[in-house]
Structures are given as C-alpha cells and as structure tokens.
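Visitor: In case you want the letters, here they are:
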Amino acid sequence: MPEITVKYEDKVIERVVTEKKRISIGRGNDNDIVLENRGVSRKHALIEFNDKAAVLIDNESLNGTFVNSRKVSEEVLRDQDIITIGKYSLIYNTETSQEGSDPASYDGTMVLNTRQQKKLLENDRIERKIVEKYGGSVLLGMENADFSEYRLDREVSTVGKAKFVHIRAKGFFLSGIQAKIVKEGQVFSIVNLGKQGKLKVNGEPTTQSVLKNGDLITVGKTVFKFVEGKN
Amino acid sequence: MKYGLISDIHGNLEALTAVLRDIEKQKVDSVHCLGDVVGYGADPARCLKMVKKQCDTVLMGNHDYAAIGVQPYDSFNRAAQAATEWTRQVLDDKSMAIIADFEMERSLDDMYLVHASPYEPEEWHYILTENDADEAFSHLSQNIGFFGHSHIPTIIQEKSDGTTRMQAGHDVSPDRERRYLINIGSVGQPRDNDPRACYVIFDSDEYEIEFHRVEYDIENAQRKMSEARLPSNLISRLSAGT
Numbered sequence: 000m001p002e003i004t005v006k007y008e009d010k011v012i013e014r015v016v017t018e019k020k021r022i023s024i025g026r027g028n029d030n031d032i033v034l035e036n037r038g039v040s041r042k043h044a045l046i047e048f049n050d051k052a053a054v055l056i057d058n059e060s061l062n063g064t065f066v067n068s069r070k071v072s073e074e075v076l077r078d079q080d081i082i083t084i085g086k087y088s089l090i091y092n093t094e095t096s097q098e099g100s101d102p103a104s105y106d107g108t109m110v111l112n113t114r115q116q117k118k119l120l121e122n123d124r125i126e127r128k129i130v131e132k133y134g135g136s137v138l139l140g141m142e143n144a145d146f147s148e149y150r151l152d153r154e155v156s157t158v159g160k161a162k163f164v165h166i167r168a169k170g171f172f173l174s175g176i177q178a179k180i181v182k183e184g185q186v187f188s189i190v191n192l193g194k195q196g197k198l199k200v201n202g203e204p205t206t207q208s209v210l211k212n213g214d215l216i217t218v219g220k221t222v223f224k225f226v227e228g229k230n
Numbered sequence: 000m001k002y003g004l005i006s007d008i009h010g011n012l013e014a015l016t017a018v019l020r021d022i023e024k025q026k027v028d029s030v031h032c033l034g035d036v037v038g039y040g041a042d043p044a045r046c047l048k049m050v051k052k053q054c055d056t057v058l059m060g061n062h063d064y065a066a067i068g069v070q071p072y073d074s075f076n077r078a079a080q081a082a083t084e085w086t087r088q089v090l091d092d093k094s095m096a097i098i099a100d101f102e103m104e105r106s107l108d109d110m111y112l113v114h115a116s117p118y119e120p121e122e123w124h125y126i127l128t129e130n131d132a133d134e135a136f137s138h139l140s141q142n143i144g145f146f147g148h149s150h151i152p153t154i155i156q157e158k159s160d161g162t163t164r165m166q167a168g169h170d171v172s173p174d175r176e177r178r179y180l181i182n183i184g185s186v187g188q189p190r191d192n193d194p195r196a197c198y199v200i201f202d203s204d205e206y207e208i209e210f211h212r213v214e215y216d217i218e219n220a221q222r223k224m225s226e227a228r229l230p231s232n233l234i235s236r237l238s239a240g241t
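The listed protein sequences correspond, in order, to chains A and B. Residue 6 in numbering that gives the first Met the number 0 sits at position 7 of the first sequence; the count goes up by one each step and never skips. Residue 162 in numbering that gives the first Met the number 0 sits at position 163 of the second sequence; the count goes up by one each step and never skips.
Treat the hints with care, since some could be wrong.
Said to hold, decoys possible - Dumping the calculated DSSO-like pairs for lysine-lysine here, alpha-carbon to alpha-carbon at most 27 Å:
id: 1; chain 1: B; residue 1: Lys93; chain 2: A; residue 2: Lys182
id: 2; chain 1: B; residue 1: Lys52; chain 2: A; residue 2: Lys169
id: 3; chain 1: A; residue 1: Lys162; chain 2: B; residue 2: Lys51
id: 4; chain 1: B; residue 1: Lys52; chain 2: A; residue 2: Lys194
id: 5; chain 1: B; residue 1: Lys51; chain 2: A; residue 2: Lys169
What the hints assert, rightly or not - Chain B side only, calculated, beta carbon under 7 Å to chain A, not exhaustive:
id: 6; residue: Ile67
id: 7; residue: Val69
id: 8; residue: Met95
id: 9; residue: Ala96
id: 10; residue: Ala99
id: 11; residue: Asp100
id: 12; residue: Met103
id: 13; residue: Glu121
Simulated from the structure, these hints should not be mistaken for lab results. The C-beta atom is built at its ideal place from N, Cα and C for all residues, glycine as well.
Here chain B stands alone, though its shape is the one from the complex (with noise of 0.2 Å):
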C-alpha cells in the first residue's frame, strides 16, 4: 500500500492545495492527516472541509483542541495565542463538529499514526531530544509510527542497543528489523528553513519513505494573513520556513 502522509496544515490554504494536488500524482492508495489542521493560517474552515473530504483519517492536533475550546492555551506563545483566538472567532459551528470528530491516534497494519507521541497523545509530549524519543517507543507496539508537531521533518531509528539514532528526515529504505519514529515535517509552516510545504509517501509494500517538497504560493497566504490581521511573526516565518 501506498499512503500520503500531511500534517500541521495550520490553516494554510496554499500550502494544502499545493500539497494534495502533488499526492495525487503519487497514485497513493490513501491520504492521512496527522492534526493541527487549523491555527495560524488564515483559512481554517476551507482547510478543515477539504481534509475532511480527502483524507481517510484526520487526527486531532493541539491547535484543533484548543480550537474547540478543550484544550487551554496559555502555554501557547503569545502569537499562537492571538492565532488561536482569531480561528475561535471565525469557525462556525459546522467546522467545529469536524474537528470534533477527529481521532487521536491510528494504527493501519503496521503502521501507528499520530499527531504529537505515542506517549499520552493527548498530552501533546514533543519528541525532540533521545529520552522523549526512547519514552515514545516504549509505548508503541507498531514498527514504524509517524507523527508531526514540532514541524521538523526527523527520522528517529530504535538500534538494536535501544538507544535512538536521530537524523534529519531525507529519503529511506528502513530496516525491517528495526523500529523507527518519523517526524512528516510540516505542510503549512515548516520550520526547518525550508519554506516550501513538506508531506510523506510511505510504500509499505517496498518499504519506502519519501520527503517531498511542494512549492506554494507563499505571498497569497502572506496577503490572506495580513487581512485577518495575524500576528506578524506569523507572516514573515512562512517565507523563510522557520
């Protein structure tokens, strides 16, 4: 099977249309969101409609949580913040019911889904030095788990030693006796100084894992962003992709 693997979408609606348009050149068998559809950008609801409508799974990020009112946000930054209580504002109730809908996690054949760790999901533990890394292995069954979150495309391998090898992601032929977290990067704010939108292409059957890199129409989102009034912050990280 081959599956197209987005996530952290935030509500970048260049990005997401530039990125489904490339899947579907890929001939994938199935789209998979991973969560935080919504908060930043300035088009949550088309962004929400049109992962709903394409993608066999979405999972629930924290910005689709703290959309909805369940998940406070005052750890957020204080951009992350104004962006969230600006996407509170515009979303009417239809899209709300669709992120209500969202799941937390998936497992596909071998494969385990989700947005932050497979460590309390919902507590949204980042994986980014090798004690998260080892945390989040021991709790998960599957060889190769996928997630986003921290919008830096990383591989993560399990080495027979049990320590963790972590390396920036690129494309692989993972070992099949090994287990591996991989980090999708993101679609709508890459922060790796990369601008351009990044998803994943996972071939289960030659056991294969792509990065690509999409380039979108950064100005359109810039302007959309400008107009909503976001954070400027916001505005400018998009075109230096970090």
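Chain A with its partners taken away, still in its complex shape (with noise of 0.2 Å):
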C-alpha cells in the first residue's frame, strides 16, 4: 500500500497510508493531506492512483508543486520522489516511507516569497533551459568537475579519472572507470564499477540507482547533479 510521509521543514509530522484512488492535498480541511499553511492552495494537488502508476496533478497552485526540486504539473511519482508544496516535503513511497515543504492559489493563498521558494524556482528555470538546450538529461559539475554541464547522450556515459571517460571525476584511489551512467528509454541509472564506497547518490554508497532529478551523485571529490530532460 503506497504511503506518504509529510514533513515540515524536515520533521516529519504525518504518516499516510492510503487505499483511495485519489487522494487531495491542500489548505483546506477537507482535503485527505491537510497542509495548514498560508502558502498552500486550498485545493493545492491531488495524486491519483491506477493499477500501474501514482500520478501527481497540480492544481494550478500559487505557489507551484515540485517533485525532485523540479516544478511539475503532471508526474508520475516513482518510489521515494519528494514533492516539495511550500515548506513541506511530501515523500511518496511504494510501501512505506518519509520527507516535507511549502504550498499556494488565491482562494487566500499567501504568495510565498521567501529565499528558499525564490531560490526553488530560480533553480528550477535554470534547469529547464539546461536541458532545453541540450535537448535531454544532462550533469552539472556542482564540485570539482571539468565542466558545468555535461549531456547524456550516450547509450552508456563512462564516470572516473582515467583520461578517456566521458565524465572526469577526481579523488584518490577512484578507478579509471569508476562508474557508468546507462541510459534506458527515457531511464538513466548509474552502476559502480570501480573500488567500493567511491560512488554516492544523494550522500548514500551505492552499487546501483536509478536516476531522479536533482539527484546529487559523488564520485570521489566531484560531485554532479542530475537533471532530467523529459518535460
């Protein structure tokens, strides 16, 4: 049974387990996921479930609804995406799980205008005309990277230190080819190859992880960040 752990600035504060095919999320009181903050629409989102997917729809908030740091109005939510409504992070797992953040429209919705929700969707521009330009996923050099971007237009992208990887990481004891990143359809992941405990997804070692947006991967002393191209 899915479950949605809902934090608020990083405390979690609800756990919800939920048969319902659908389920809202909003200010108001008759919402299934009451978020009672004035950045949050009354009616902010809904997730609706079907046999093979949980969807995240938009309501066409103030403030916006953000899955994985990325605005959406329409997603299908995969195990442990975090949607991001104002100051609370709602953590959407398959079984069981947690996570919380902000919310929005004017039905008396405050406009949010704090650094942090500023910075979220400057981000979250910047980021689009990224991918745009690339015309799909790509990696940001966040820390000690060659470079600032870096497209993932190959079948497999090689990550390490030795000089003919398609991605440069630095550190010691990293292997030549420390890691590759496959591209399947639309779905990339990542798979170590080289020594144990030099790659790190979201500060977690890793042998394999699929990729979301806004991941943040280490490898050794360079960190990147992935940012998905579809939308």
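Hints given; two lone chains; assemble the complex.
Guide: See the structure below:
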C-alpha cells in the first residue's frame, strides 16, 4: 500500500497510508492531506492511483508543486520521490516511507516570497533552460568537475579518473572507470564499476541507482547533479 | 630495457600461465599486457587476477570494455556475443573493478602501447590494410608502437616515401631511422594457423624484437570451455590456431 510521509521543515509530522484511488492535498480541512499553511492553496494538488502508477497533479496552485526540485503540473511518481509544497515535503513511497516543505492559489493563499521559494523557482528555471539547450538529460558539475554541464546522450557514459572516460572525476584511489551511467529509454541509472564506496547518490554509497531529477552524485571528490530532460 | 609484451589472453588461463612462465626465463625488466584479458575463454576471473599481479601495465581491450557493460557488443559475431554474455555473468564485482582500472594507451620511453590502434583507441579500429596503417602512423608520435586486437602477428614498417610495408611477425632488428607498428599476436586465441600461444620480447637497448611461441595445454583449456558450455567453434579453433 502506498505511503506518504509528510514533513515540515525536515520534521516528520504525519504518515498517510491510503487505499483510496485519489487523495487531495491542500490547506482546506476537506483534503485528505491537510497542510495548514497560507503558502498552500486550498485545493493544491491531487495524487491519483491506478493499477500501474501514481500520478501527481498540481491544481494550478499559486506557489507551485515540485517533484525532486522540479516544478511540475502533472507527474508520474516514482518510489522515494520528494514532493515539495511550500515548506512541506511529501515523500512518496510505494510501500512504506518518509519526508516535507511549502504551499498555493488565490483563494486566500498567501504568495510565498521566501528566499527558499525564490531559489527553488530560479533553479528550476535555469535547469529547464539547460535541458532545453541539450534536448535531453544532463549532469551538472557542482564540485571539482572539469565542466559545468555534461550532455547524457550516449547509451553508456563512463565516469572516472582515466583520461578516456566521458566524464572525469577527481579523488584519491578512484578507479579509472569508477562508474557508468546507462540510458534505457528515458530512464538513467548509475552503476558502480570500480572500487567500493567511491560512488554515492544523495550522500549514500550505492552500487546501482535509478537516477531521479535533482539527485546529487558524488564520485570521489567530484559532485554532479542529475537533471532530467523530459517535459 | 627488456620488455615482455602480451595481448589477447581471452580468458585462457593455460595459455597465460605457460606464457608468463616462459617470459620469466627471458629475464625481462617488466611485462605489459595490451588488453582483451577476458572474452571467449573459461577463466576470465583468474586471468584478470594474474595479469593484475604480474603485469606493470594492463590496457583495455574491446572485450574487457564489453564485459563491464561500457561497450555494446551487438557488433560482435554470435559466438563472441554468447561468450561475452557468459563472461558478464561469471565476473564478480572485484573482477569488474580490476577491468575498471585498465588504461587505454601507454607511452613508455620511445615505445607506445595500445590494444587496437593509436587512432581513436577507444573505437577499436583494426590495422589490417595499408590505409589502416597510414591512419595509425599519423597518430603515433613514438618510433615504435605495439598493439594486438586482430590476433595476427604482424610487422608494419613506415617507409621513407610514406608508404607502409606489412610482413608476418618474425624476429627483427628494426631500423632506428624508421617507424614501426607491431602486432604482437595473441596469447589465448592465436589466429595465424599456429595454435601455440604468442608473445613478444622487445629489447629497447639492443633494439631487437623477438616473437615467441609457447606450447600449452590446449586440451585442458578446451575441456573447461566445454564444461562452461561456451560455443563449440570457439573451442575447436584453439587447436587449429584460427
């Protein structure tokens, strides 16, 4: 059964387990998940469940709905996706989960003008421009990278310290090819090939991970951000 | 300096063991492997361990690249595809990590080492014709380049008029005024109608190249391949050297 963990500024405030086909999220008390903050619209968003997927639909909210830091109007949710509505984070888990952030629509909803909200919108705008420029998913070099942007247009892109890899990373004891990023249709995964413990996704060591928009990939001392190119 | 040069082992532990034992007798200063440690044969993991331990350089080959899933292998022939699938299944993370540390090319003094060609090494171009050789020489900055890939021992000399001369691999004292590309043949799957394992010794002081052929226990290598249910044509070709 799907579970949604509601967090407010990183503190878990509610865990919602549902069998319903559709749950509503908003400031109004008639919602299934009530987010009592004036940055959240009365009817902010919906999640619809069918046999195959859960779909998040933003109800033209004033301050927007974000999935993994990207502004969305309609989005198929994947396990562990982080929905940000104002200062609330809702973590979607297909079985059992956790997380939280902010809200919106002018039915008395307050326009959020916090630095965090502005930054979220600005980053979203910049990242959308980058993926538009490359016509697909990209890696952004965040720390110790040779370039600020890497286009992921190959079936397999190699990451490591060797001269011949597609994406160079730095760090002691890194393997020549530390990892590969594999593209299958629209889905990107990163797979560790080299020494153990040198690849992390969002701070957690991993051997293989499906990449989600906004994921931070650490290879040795180099940090990349994955920005998904669809939509 | 005296260098032992080996290539294209292709998971053939019997051939590799015999060759390394023979090289030991030659009192070389270092041993360098030009790639394709895995693919085709029944002992990819043990061959990886052995080259990692005994070779100063191990270069990436296209079969190694395919084994770690970096290179698509749909262009391989059917038997090679089947062998690659099998190799990918039997290699554990530690073996994969050994391959992940292979280099693509190496320059040592005035010597250049690569698996396929100095021209776009990671594209695995074959050097089979004079045109291929021209392209390769135009990307070679050293006087002598050693490579493998086709499993056919070959000596290619760049002539003064810019053309090239190709000969079957044999012991030579190269002209120091000319440039050479030398295919050092294959340890684990020779294809020049001589089933014995092949390797090269290069003495950079005397400026001499020797091609060595070593008998090994082909039957045992074939028996293990049969047990692993590897394609039959890959097994039979070992005794024919084709």
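Visitor: Now tell me, hint by hint, if it's right for this structure.
Guide: Results for each hint:
Distance hint between lysine 93 of chain B and lysine 182 of chain A is fulfilled; the C-alpha atoms sit about 24 Å from each other, no more than 27 Å. The straight-line distance between the Cα atoms of lysine 52 of chain B and lysine 169 of chain A is roughly 25 Å, inside the 27 Å bound, and the hint therefore holds. At roughly 20 Å between alpha-carbon atoms, lysine 162 of chain A and lysine 51 of chain B fall within 27 Å of each other, so this suggested pair holds. Simply put, lysine 52 of chain B and lysine 194 of chain A have alpha-carbon atoms about 17 Å apart, close enough for the 27 Å limit, and the pair holds.
For the hint pairing lysine 51 of chain B with lysine 169 of chain A, the CA-to-CA distance comes to about 23 Å; that is within 27 Å, so the pair holds. Because the closest C-beta pair between isoleucine 67 of chain B and chain A is about 5 Å apart, less than 7 Å, the hint holds. Using the Cβ-Cβ criterion of 7 Å, the hint placing valine 69 of chain B at the interface with chain A is satisfied: the shortest such distance is roughly 5 Å. Below 7 Å, beta-carbon pairs count as interface contacts, and methionine 95 of chain B has one with chain A at about 5 Å; its hint therefore holds.
About 5 Å separates the beta-carbon of alanine 96 of chain B from the nearest beta-carbon of chain A, less than 7 Å, and the hint is met. Proximity of alanine 99 of chain B to chain A holds as hinted, the smallest CB-CB distance being about 4 Å (cut-off 7 Å). Hint on aspartate 100 of chain B holds. Least Cβ distance to chain A is approximately 5 Å, under the 7 Å limit. With its C-beta approaching chain A no nearer than about 4 Å, methionine 103 of chain B sits inside the 7 Å limit, and its interface hint holds.
The closest approach between the C-beta of glutamate 121 of chain B and any C-beta of chain A is roughly 5 Å, which is under the 7 Å cut-off, so the hint is satisfied.
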